[in-house]
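The two chains are supplied separately, each in an independent frame; assemble them into the complex guided by the hints.
Chains as they are written, first to last, in the numbering used here: chain A, 1 to 170; chain B, 1 to 199.
Mixed in with the good hints there might be a few duds.
A short, non-exhaustive set of chain B residues, derived as facing chain A with CB atoms under 10 Å [said to hold, decoys possible]:
id : residue
1  : 46
2  : 47
3  : 50
4  : 77
5  : 84
6  : 86
7  : 87
8  : 157
9  : 161
10 : 177
11 : 193
12 : 196
Simulated crosslink set (SDA-like; lysine to any residue; CA at most 25 Å straight-line) [said to hold, decoys possible]:
id : chain 1 : residue 1 : chain 2 : residue 2
13 : B       : 186       : A       : 38
14 : B       : 192       : A       : 10
15 : B       : 160       : A       : 58
16 : B       : 142       : A       : 59
17 : B       : 98        : A       : 26
18 : B       : 98        : A       : 14
19 : B       : 192       : A       : 43
20 : B       : 142       : B       : 195
21 : B       : 142       : A       : 57
22 : B       : 186       : B       : 171
23 : B       : 160       : A       : 59
24 : B       : 160       : A       : 26
25 : B       : 192       : A       : 14
26 : B       : 192       : B       : 153
27 : B       : 160       : A       : 27
28 : B       : 192       : A       : 56
29 : B       : 192       : A       : 41
30 : B       : 186       : A       : 147
31 : B       : 160       : B       : 191
32 : B       : 186       : A       : 44
33 : B       : 186       : A       : 27
34 : B       : 160       : A       : 57
Here are the simulated distance ranges between beta carbons [what the hints assert, rightly or not]:
id : chain 1 : residue 1 : chain 2 : residue 2 : range
35 : A       : 36        : B       : 135       : 19 to 27 Å
36 : B       : 53        : A       : 33        : 19 to 27 Å
37 : A       : 83        : B       : 158       : 35 to 43 Å
38 : A       : 24        : B       : 169       : 18 to 26 Å
39 : B       : 139       : A       : 36        : 32 to 40 Å
40 : B       : 157       : A       : 83        : 34 to 42 Å
Please keep in mind that the hints were generated in silico from the structure rather than gathered at the bench. Don't be surprised by glycine CBs; every beta carbon is placed ideally from N, CA and C.
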Amino acid sequence: MTESDFSTSDVSWLLARCALGELTADQQARLEDQLLHDEQLCLQLAETVALVETLRQTPLASQPTRRVSAALISVRSFAAVAAVLALLVLPAALSRTVQPDVLHDAVTFSSMLQTEPAESRSSETDMWAAADLPEPPDWLLTALDLDEQSGDSDSSPAAPVIDDEEEALF
Amino acid sequence: MSQVGPHPSDDSDTPQGPNPTDFSDRRAEVEAACLQFQTTLKLFLLGLLHNQHLVEDTYQRTFVQAIQSASSVRLPTLRGWLFRIALNEARAVLRQQKRLNSTHYPPSDDPELLSDPADQSGTAEHFILREETRQAVRESLKSLPIEQQQVIHRRIYEGKTFAEIAAEMQLPLGTVLTWMRRGLIKLREDRKLRQILDE
Numbered sequence: 001m002t003e004s005d006f007s008t009s010d011v012s013w014l015l016a017r018c019a020l021g022e023l024t025a026d027q028q029a030r031l032e033d034q035l036l037h038d039e040q041l042c043l044q045l046a047e048t049v050a051l052v053e054t055l056r057q058t059p060l061a062s063q064p065t066r067r068v069s070a071a072l073i074s075v076r077s078f079a080a081v082a083a084v085l086a087l088l089v090l091p092a093a094l095s096r097t098v099q100p101d102v103l104h105d106a107v108t109f110s111s112m113l114q115t116e117p118a119e120s121r122s123s124e125t126d127m128w129a130a131a132d133l134p135e136p137p138d139w140l141l142t143a144l145d146l147d148e149q150s151g152d153s154d155s156s157p158a159a160p161v162i163d164d165e166e167e168a169l170f
Numbered sequence: 001m002s003q004v005g006p007h008p009s010d011d012s013d014t015p016q017g018p019n020p021t022d023f024s025d026r027r028a029e030v031e032a033a034c035l036q037f038q039t040t041l042k043l044f045l046l047g048l049l050h051n052q053h054l055v056e057d058t059y060q061r062t063f064v065q066a067i068q069s070a071s072s073v074r075l076p077t078l079r080g081w082l083f084r085i086a087l088n089e090a091r092a093v094l095r096q097q098k099r100l101n102s103t104h105y106p107p108s109d110d111p112e113l114l115s116d117p118a119d120q121s122g123t124a125e126h127f128i129l130r131e132e133t134r135q136a137v138r139e140s141l142k143s144l145p146i147e148q149q150q151v152i153h154r155r156i157y158e159g160k161t162f163a164e165i166a167a168e169m170q171l172p173l174g175t176v177l178t179w180m181r182r183g184l185i186k187l188r189e190d191r192k193l194r195q196i197l198d199e
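Next up, chain B with everything else stripped away, as it sits in the complex (with noise of 0.2 Å):
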């Protein structure tokens, strides 16, 4: 554990002998941003980890993290010193899951390896959709090109791999990676989704 997080020495701000009331005083800041970037974090960690069970353990050793290490901490710059505590927690994480050889997260040496689309189904609780956004998304998703839909719908719903996409499509892989590409692309520019899901 000796990468996780932050060095305090790392940072110029850190202050020299702070007394017992300013560190109480941090931790609860720190307390308070964890709290309130949760989502994201955890948005952040399940892009990494690709496992619930993993970055729940993950954010939580990141919330601890955090704490222990709040005296090091510049405000302007928290959020950012969460995610970097957050990314060392998980590379900890996955070099813990690689030892063990585990089966929760599949060697990535290989991109047509990806893990189970039931596990990959609903791997992220937390984040609970309103029908208002399930709304969007569905309009979203019909103004895009209906090859882009196919691609979409058949790597995220039925969890095919790209090969697979591209020899049902009888299409060159590359071309189903492009319709992946760009329907993906308008998705995130889609400015009411994107409304949305900053909310």
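For reference, chain A alone in the conformation it holds in the complex (with noise of 0.2 Å):
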């Protein structure tokens, strides 16, 4: 800012203050006494106190807050869209790599429970399966455990029950 800028802000100011009736009788009176020789200053004053006018003659709807600008907006609306997407995918990111095998577990045991009796599983089925199948996921037994309950208090069970025994061997 060079010293004239400043000067005509200063002087900008002065006016702007007078039109607020701001100065004290001293800074009115020394306005004044420039007033009387200076026709252009005469017409600044009259400019602000049109300005001052306008502004007061134009109704806001309300007091200002501060505003979000629309690229803040949007950035945080990438942000948080970008959150939720990462809740959402990361699990399913890190659960995809085990997915099929769970499933396919899921499926084996699944089958192997409900179509094999307990009583048909022989001491070898049990070893060969202990040895081969994997542990079978938490879920999948909490699940189970849930069916056998329902299953017991409820006369019509969840899983078909087989009476015959050949379609049992299916």
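Below, the structure is given as structure tokens:
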């Protein structure tokens, strides 16, 4: 800011304070002395008053509040979306590596448990199963426990009751 | 009223012994100029008097004084001459008000002693705004930093003193004054708003 800029803004501020009625008696008297010999200053004062009056007569909806720029909104939105996507995708991505195995195990276990009566299992089968099949996941065991409980308490079990020995073979 | 208006002898270009026709022409020109610069003169007076009733009264006195002193004016300096008459009339009115200890205009020894905001609103009824102007003002205000908007809003629309604003915003008075100053300067420099106000 140059000296001339400063003095210009200084005069503008002096006129603005005059228009707002903020000058002391001394300041007002000094300004009036200047106005008496400076037509351009008189015009500037009239312009300043016009600006203040224009502001005064322009109703605003409400007091201005801190606004959030469109760029900031977009950045925040992007960050929020990214966070949600990360929460959704990360577990899926982590589980994707084991999901086929889990599904395969689940199908195997469920078919074995549902089609093979407990009494028909031989110790060899159990040994084979224990040796070659991975540990069943907890969620599957929990689901099966719940299923058994509901089957005990309910007269219509979820799994079809197999009475026919021939059908049971399949 | 001895100081009101420039004395005819102050003007070196005063015609010696103008004939009635010249004087009549000069009066007509001064009258036309008073009407032409009416809005500017009233705004100028409003900046000094801060009271619409005083402005109207002072403008009428300025008009009469200008007509009476028409023979002393040089036409190229007519506008400046009218400003001087208006300023002298405003000073006379202020002195009169001070003597009467009127409540119309508060003593300006204390900058925080402002006239009632209710009185300030609509102080220039003649200054009718178009919707285009209002829109330009709103846009210009929105372009300011929020701090400057808030200070202008509280000072202009809510009529609060700068000290009150500083207390509300929990800021030093100097900061509030600086924001007000920068905001007004930016509004003055707003090209679109300036163009509309010049019209």
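Structure-based check of all given hints:
1. 46: holds (5 Å)
2. 47: holds (4 Å)
3. 50: At about 5 Å, which falls below the 10 Å cut-off, the nearest Cβ of chain A leaves the hint on residue 50/B intact, so it holds.
4. 77: Holds, because the Cβ-Cβ distance from residue 77/B to chain A comes to roughly 8 Å (cut-off 10 Å).
5. 84: Hint holds; residue 84/B Cβ to chain A Cβ min 6 Å, cut 10 Å.
6. 86: It holds, given that the least Cβ distance between residue 86/B and chain A is near 8 Å, below 10 Å.
7. 87: holds (6 Å)
8. 157: At about 7 Å, which falls below the 10 Å cut-off, the nearest Cβ of chain A leaves the hint on residue 157/B intact, so it holds.
9. 161: Because about 9 Å separates residue 161/B from the closest Cβ in chain A, which is inside the 10 Å limit, the hint holds.
10. 177: Interface hint status for residue 177/B: holds (9 Å vs cutoff 10 Å).
11. 193: holds (8 Å)
12. 196: holds (9 Å)
13. 186/B - 38/A: Given that 25 Å is the threshold and the Cα spacing comes to 24 Å, the pair holds.
14. 192/B - 10/A: Roughly 23 Å between the alpha carbons, so the hint for residue 192/B and residue 10/A holds.
15. 160/B - 58/A: Distance of about 17 Å is within 25 Å: holds.
16. 142/B - 59/A: holds (13 Å)
17. 98/B - 26/A: Roughly 15 Å separates the two Cα atoms, so the pair holds.
18. 98/B - 14/A: holds (23 Å)
19. 192/B - 43/A: holds (19 Å)
20. 142/B - 195/B: Status holds; Cα separation ~18 Å.
21. 142/B - 57/A: Answer holds: residue 142/B to residue 57/A is near 16 Å, not above 25 Å.
22. 186/B - 171/B: holds (21 Å)
23. 160/B - 59/A: Roughly 16 Å between the alpha carbons, so the hint for residue 160/B and residue 59/A holds.
24. 160/B - 26/A: holds (23 Å)
25. 192/B - 14/A: holds (23 Å)
26. 192/B - 153/B: holds (20 Å)
27. 160/B - 27/A: Cα-Cα ~21 Å, so holds.
28. 192/B - 56/A: holds (18 Å)
29. 192/B - 41/A: holds (22 Å)
30. 186/B - 147/A: Roughly 75 Å separates the two Cα atoms, so the pair is violated.
31. 160/B - 191/B: Measuring from Cα to Cα gives roughly 28 Å; hence the hint is violated.
32. 186/B - 44/A: The hint holds at about 15 Å.
33. 186/B - 27/A: holds (24 Å)
34. 160/B - 57/A: Distance of about 16 Å is within 25 Å: holds.
35. 36/A - 135/B: 19 to 27 Å: Violated - the Cβ-Cβ distance for residue 36/A and residue 135/B, about 37 Å, lies outside 19 to 27 Å.
36. 53/B - 33/A: 19 to 27 Å: holds (26 Å)
37. 83/A - 158/B: 35 to 43 Å: Cβ of residue 83/A to Cβ of residue 158/B: about 41 Å, so the range 35 to 43 Å holds.
38. 24/A - 169/B: 18 to 26 Å: holds (24 Å)
39. 139/B - 36/A: 32 to 40 Å: Once the Cβ atoms are compared, 37 Å apart, the range 32 to 40 Å for residue 36/A and residue 139/B holds.
40. 157/B - 83/A: 34 to 42 Å: Distance hint for residue 157/B, residue 83/A holds at roughly 41 Å.
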